[in-house]
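Residue-level listing of the chains:
Number of protein chains: 2
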Amino acid sequence: MKTVFGYQLEEFSRKVFVALGIPEEDAKVSAHILAQADLRGIDSHGVARLAIYAKRLKLGLINKYPNIKIVHEKAGGAIVDGDNGLGQVVAHKAMTLCLNKAKENGVAAVGVRNSNHFGIGAYYAMMALEEDMIGIVATNTSPLMAPFGGKDPLLGTNPIAMAVPAGEQYPVVLDMATSLVPRGKIEIYARKGEKLPLGWAIDADGRPTQDPAEALKGTLLPMGGPKGYGLSMMVDLFAGVLSGAAVGGNIGSLFGNMDRPQNVGHFMMAIDVGSFRPIDEFKAAMDEYICTVKQSTPAEGVKEIFLPGEIEFIKTKERIEQGVSLNPVVVENLLTLARELGLVGPNATADDLFD
Amino acid sequence: MKTVFGYQLEEFSRKVFVALGIPEEDAKVSAHILAQADLRGIDSHGVARLAIYAKRLKLGLINKYPNIKIVHEKAGGAIVDGDNGLGQVVAHKAMTLCLNKAKENGVAAVGVRNSNHFGIGAYYAMMALEEDMIGIVATNTSPLMAPFGGKDPLLGTNPIAMAVPAGEQYPVVLDMATSLVPRGKIEIYARKGEKLPLGWAIDADGRPTQDPAEALKGTLLPMGGPKGYGLSMMVDLFAGVLSGAAVGGNIGSLFGNMDRPQNVGHFMMAIDVGSFRPIDEFKAAMDEYICTVKQSTPAEGVKEIFLPGEIEFIKTKERIEQGVSLNPVVVENLLTLARELGLVGPNATADDLFD
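Chains as they are written, first to last, in my numbering: chain A, 71 to 425; chain B, 71 to 425.
Think of the hints as simulated: they come from the structure by calculation, not from any bench.
C-beta: ideal position from N, C-alpha, C; glycine also.
It is possible that part of the hints are untrue.
[Claimed, not checked] No more than 30 angstroms apart at the CA atoms, straight line, and that leaves these computed lysine-lysine pairs for DSBU-like:
id : chain 1 : residue 1 : chain 2 : residue 2
1  : A       : K287      : A       : K373
2  : B       : K353      : B       : K385
3  : A       : K287      : B       : K98
4  : A       : K72       : A       : K364
5  : A       : K128      : A       : K173
6  : B       : K353      : B       : K262
7  : A       : K373      : B       : K287
8  : A       : K353      : B       : K139
9  : A       : K139      : B       : K353
10 : B       : K139      : B       : K255
11 : A       : K265      : B       : K98
12 : A       : K353      : A       : K173
13 : A       : K173      : B       : K173
14 : A       : K262      : A       : K287
15 : A       : K85       : A       : K128
16 : A       : K72       : A       : K128
17 : A       : K353      : A       : K387
18 : A       : K85       : A       : K364
19 : B       : K364      : A       : K287
20 : B       : K353      : A       : K163
21 : B       : K353      : B       : K373
22 : A       : K163      : A       : K385
23 : A       : K385      : A       : K262
24 : A       : K287      : A       : K72
25 : A       : K139      : B       : K173
26 : A       : K265      : B       : K385
27 : B       : K364      : A       : K364
28 : A       : K373      : A       : K353
29 : A       : K173      : B       : K139
30 : B       : K128      : B       : K262
31 : A       : K125      : A       : K85
32 : B       : K139      : A       : K373
33 : B       : K125      : B       : K98
34 : A       : K163      : B       : K173
35 : A       : K139      : A       : K163
[What the hints assert, rightly or not] Every beta carbon over 12 angstroms from chain A, so not counted as near; a handful from chain B, in silico:
id : residue
36 : L129
37 : S345
38 : R347
39 : L413
The task is simple: from the sequences and hints, build the whole structure.
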């Protein structure tokens with residue numbers, strides 16, 4: 071395990087993006103978002119993803135110099151065309167627009183088309199916190215889940231993120247996929263040769279399966295059956311249909327479709343708290359709410375109750391102080407990438423990667 | 071089973087509300103919403119609820135002549151104080167305000183405090199459909215669910231409803247509680263003496279239980295574990311904390327607290343589709359989306375795939391034509407209520423109830 075600090079991950083990612091031809095400002099934004107994922111403990115969405123972004127950029131599947139523009143606009147809302155830019159760059163711009171509109175109107179919504187995988191949704195939802203606003207962000211993703219009762223993969227894991235500011239306490243931040251588990255979790259079971267719990271996935275015929283190999287040929291199951299199915303579809307209708315992005319089975323896969331852009335859609339909302347309730351009153355009520363839940367009685371065998379997002383805040387604090395332990399496979403991939411881009415010499419080792 | 075048509079249920083409910091002292095216009099609105107629940111097949115939230123509303127009205131726990139007013143306002147949002155009026159009356163007014171604001175701004179949000187149980191959330195979300203808008207409605211409810219890992223009932227089943235317009239196809243309408251199952255379902259298992267599936271509820275010590283009697287002493291479990299917990303809390307933060315209504319364990323129970331108002335909070339949003347994408351283009355895309363899902367391959371043993379809300383649309387069509395079969399216990403309760411209010415004579419029978 072190699073331990074690296076957040077600012078090192080960010081600086082390394084910035085250099086990678088710049089070497090790939092991304093303009094400096096966009097490289098900075100994207101690098102920051104990736105490093106934040108690692109700090110929050112969402113390792114799957116941090117620097118580990120640099121390799122696939124690099125691959126898509128080199129293949130010309132992501133536009134390095136996108137002309138990101140508003141295609142429809144009203145006082146409280148807009149549709150943004152991402153022009154196939156990096157998802158992080160596009161989503162960051164769109165959320166900034168959304169926050170500005172919410173400041174004027176009390177609430178705003180922005181839909182995004184022609185975007186790409188944007189990393190962790192929580193990042194954009196949490197942009198609202200700095201403005202004392204509530205942020206809501208959803209994105210559609212490439213198809214991995216069947217409609218309830220079906221077997222064709224027509225829905226993504228379509229995550230939803232929401233962030234609500236508090237006073238002295240950590241903000242409440244929810245970031246969840248609408249499938250019960252991510253596909254990556256089934257891959258881990260497959261590698262370990264372990265049986266899946268029932269309810270995670272179905273096989274290619276739509277039958278419940280506990281065999282990870284069969285599950286990987288089939289589709290994921292939504293959380294809560296028809297409820298998760300409904301939520302996943304709503305994300306697709308907001309981020310895809312309303313925004314005019316690709317939907318359902320047509321969304322390009324980050325890893326699977328190396329022949330075409332993804333055309334991912336996002337949907338973001340911001341609610342300016344002060345337009346609804348005096349902010350100090352709101353924050354005091356949030357703190358009281360959070361403390362009530364935190365201090366409530368744990369169930370038998372449970373040590374501590376956590377608020378949504380609390381574990382990620384604790385993890386971030388820990389990792390800022392102690393650094394992030396990178397998986398050796400990830401380090402190896404980053405080294406290969408850095409060599410390819412000429413950021414280090416051909417004989418460099420992992421120790422030469424981070425300044 | 072007594073079969074009654076929707077308009078008869080509506081007219082009966084209207085007379086009940088008027089006899090209870092509700093002003094004519096408010097009685098009409100409330101009666102319409104109750105009858106729509108029965109038509110949609112949500113029998114638990116239709117005329118079966120007249121008795122408890124009547125009881126609370128007679129005890130002075132609901133304000134017959136509420137002064138419903140806006141307490142905060144911005145272009146795209148408002149907080150409405152329901153002045154402890156009937157939930158249906160308050161929510162209908164608030165959603166009407168929300169739709170008007172969305173027409174101007176593209177999107178709008180309205181929070182509601184000092185309200186009561188409002189029946190089916192889908193009704194208010196679907197008000198948006200007539201305006202070619204998307205509607206989102208959530209309400210907090212009295213506590214029945216523990217925080218994830220806990221055992222104190224601090225969260226309600228806090229339902230979320232969303233309605234998205236379509237063209238030739240039925241609109242997509244999701245209306246779901248954030249608990250895996252409603253408490254009523256556990257009561258049914260208790261009456262039948264059947265074992266519960268694991269994952270529905272925990273006992274008073276927070277242990278998973280399959281004994282419905284123990285479950286009724288304990289709390290419901292959220293759908294998808296921490297995900298449903300997070301969603302339920304978000305509803306409470308939006309409908310309760312942001313609106314300034316009661317939250318968590320403090321919300322009065324419709325049936326359990328006959329000593330105080332409920333102070334339920336609602337949260338509603340409307341998105342004017344035409345402000346984001348030309349409405350005809352949107353509707354055509356929705357129809358295509360719906361048909362793709364509808365025509366996708368069913369899993370083994372499944373006959374037909376349904377879109378969210380489709381079953382309720384089919385049920386409504388069926389019940390408009392064939393009438394609603396009322397449960398004999400419900401009919402008996404309505405007869406008692408009608409006698410008490412002098413709507414029928416003391417010797418009237420069920421046959422005298424509906425014109």
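Tested hints:
no. : hint             : result
1   : A:K287 to A:K373 : violated, 38 angstroms
2   : B:K353 to B:K385 : holds, 23 angstroms
3   : A:K287 to B:K98  : violated, 54 angstroms
4   : A:K72 to A:K364  : violated, 34 angstroms
5   : A:K128 to A:K173 : violated, 39 angstroms
6   : B:K353 to B:K262 : violated, 46 angstroms
7   : A:K373 to B:K287 : holds, 22 angstroms
8   : A:K353 to B:K139 : holds, 24 angstroms
9   : A:K139 to B:K353 : holds, 24 angstroms
10  : B:K139 to B:K255 : violated, 37 angstroms
11  : A:K265 to B:K98  : violated, 56 angstroms
12  : A:K353 to A:K173 : holds, 18 angstroms
13  : A:K173 to B:K173 : holds, 19 angstroms
14  : A:K262 to A:K287 : holds, 17 angstroms
15  : A:K85 to A:K128  : holds, 15 angstroms
16  : A:K72 to A:K128  : holds, 27 angstroms
17  : A:K353 to A:K387 : holds, 22 angstroms
18  : A:K85 to A:K364  : violated, 41 angstroms
19  : B:K364 to A:K287 : holds, 22 angstroms
20  : B:K353 to A:K163 : holds, 28 angstroms
21  : B:K353 to B:K373 : holds, 27 angstroms
22  : A:K163 to A:K385 : holds, 27 angstroms
23  : A:K385 to A:K262 : holds, 26 angstroms
24  : A:K287 to A:K72  : violated, 34 angstroms
25  : A:K139 to B:K173 : holds, 23 angstroms
26  : A:K265 to B:K385 : violated, 40 angstroms
27  : B:K364 to A:K364 : violated, 44 angstroms
28  : A:K373 to A:K353 : holds, 27 angstroms
29  : A:K173 to B:K139 : holds, 23 angstroms
30  : B:K128 to B:K262 : violated, 34 angstroms
31  : A:K125 to A:K85  : holds, 15 angstroms
32  : B:K139 to A:K373 : violated, 45 angstroms
33  : B:K125 to B:K98  : holds, 19 angstroms
34  : A:K163 to B:K173 : holds, 25 angstroms
35  : A:K139 to A:K163 : holds, 10 angstroms
36  : L129             : holds, 28 angstroms
37  : S345             : violated, 4 angstroms
38  : R347             : violated, 6 angstroms
39  : L413             : holds, 39 angstroms
Hint violations for this structure: numbers 1, 3, 4, 5, 6, 10, 11, 18, 24, 26, 27, 30, 32, 37 and 38, all remaining hints satisfied.
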